[in-house]
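Chains A and B, in that order, are what the protein sequence lines are.
Our numbering numbers the first residue of the first sequence as -12 and each following residue consecutively.
Our numbering numbers the first residue of the second sequence as 21 and each following residue consecutively.
Everything labelled a hint here was simulated from the structure, so no lab data went into it.
Check each hint, because a few of them may be wrong.
Stated by the list, open to error - Derived contacts from chain B toward chain A, CB cut-off under 8 angstroms, selection only:
{"#": "1", "residue": "Gly62"}
{"#": "2", "residue": "Leu63"}
{"#": "3", "residue": "Leu65"}
{"#": "4", "residue": "Leu98"}
For glycine and all other residues, C-beta sits at the position ideal for the given N, C-alpha and C.
These are the residues of each chain, in order.
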Amino acid sequence: KNEVEQSPQNLTAQEGEFITINCSYSVGISALHWLQQHPGGGIVSLFMLSSGKKKHGRLIATINIQEKHSSLHITASHPRDSAVYICAVRGRWYTGNQFYFGTGTSLTVIP
Amino acid sequence: DVKVTQSSRYLVKRTGEKVFLECVQDMDHENMFWYRQDPGLGLRLIYFSYDVKMKEKGDIPEGYSVSREKKERFSLILESASTNQTSMYLCASTHRSSYNEQFFGPGTRLTVL
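Taking the hints into account, I'd like the entire structure generated from these sequences.
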């Protein structure tokens, strides 16, 4: 069973395109995280959301708690955005506050 | 400003060897986690710890053990390495509060021959 589902699994875009990555989850959560992983392994946190919308530069993350859905948008995509984007949720106390991860979306932005 | 470090970036071991992977964080976090990451499967939790000397099994603890003798250090032990334990291993830490982000180490790519 997958508590977190992401789509698409793979995405190729031309530089400058608007990109959307979707995440759906099935557990009660205290927060949702969007993570970025570049080749070589290191993972960094982009956003942590418990409601509404957050923006950081060209990145925008939204969450709809009622629908258990989140989206990550990248405006004016650039080749340096090429990475794997991972959606993760932190379950509520009755799950042991555990993290659940999607399998990731591999994004390639072509110049 | 390195916050979570792992003892090795790449490691090659032979089947049957005992393997130690060490993780150190400098943020005074209570919670620490060990994950493995495999293509198509995403991150899977091996073990986590809420405090010194406390440990809880994750989703895939078989073949692994952990040790947390000091708050800043969380070690993953492969008692007898097998080829199916070839993977990327990632350590992470977070504050006890549910509303804090998780910080990841750079990862250790382990190959068992």
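**Request:** Report holds or violated for the interface hint on Leu98 (chain B), using the least CB-CB distance to chain A and a cut-off of 8 angstroms.
**Result:** Status violated, d = 18 angstroms.
**Message:** Hint Leu65 (chain B) vs chain A: min CB-CB distance below 8 angstroms?
**Reply:** 7 angstroms, holds
**Item:** chain A contact restraint on Gly62 (chain B) - CB to CB distance below 8 angstroms
**Value:** 4 angstroms, holds
**Status of the hint placing Leu63 (chain B) at chain A (closest C-beta pair under 8 angstroms)** = 4 angstroms, holds
The structure fails hint 4 only (numbered hints given earlier).
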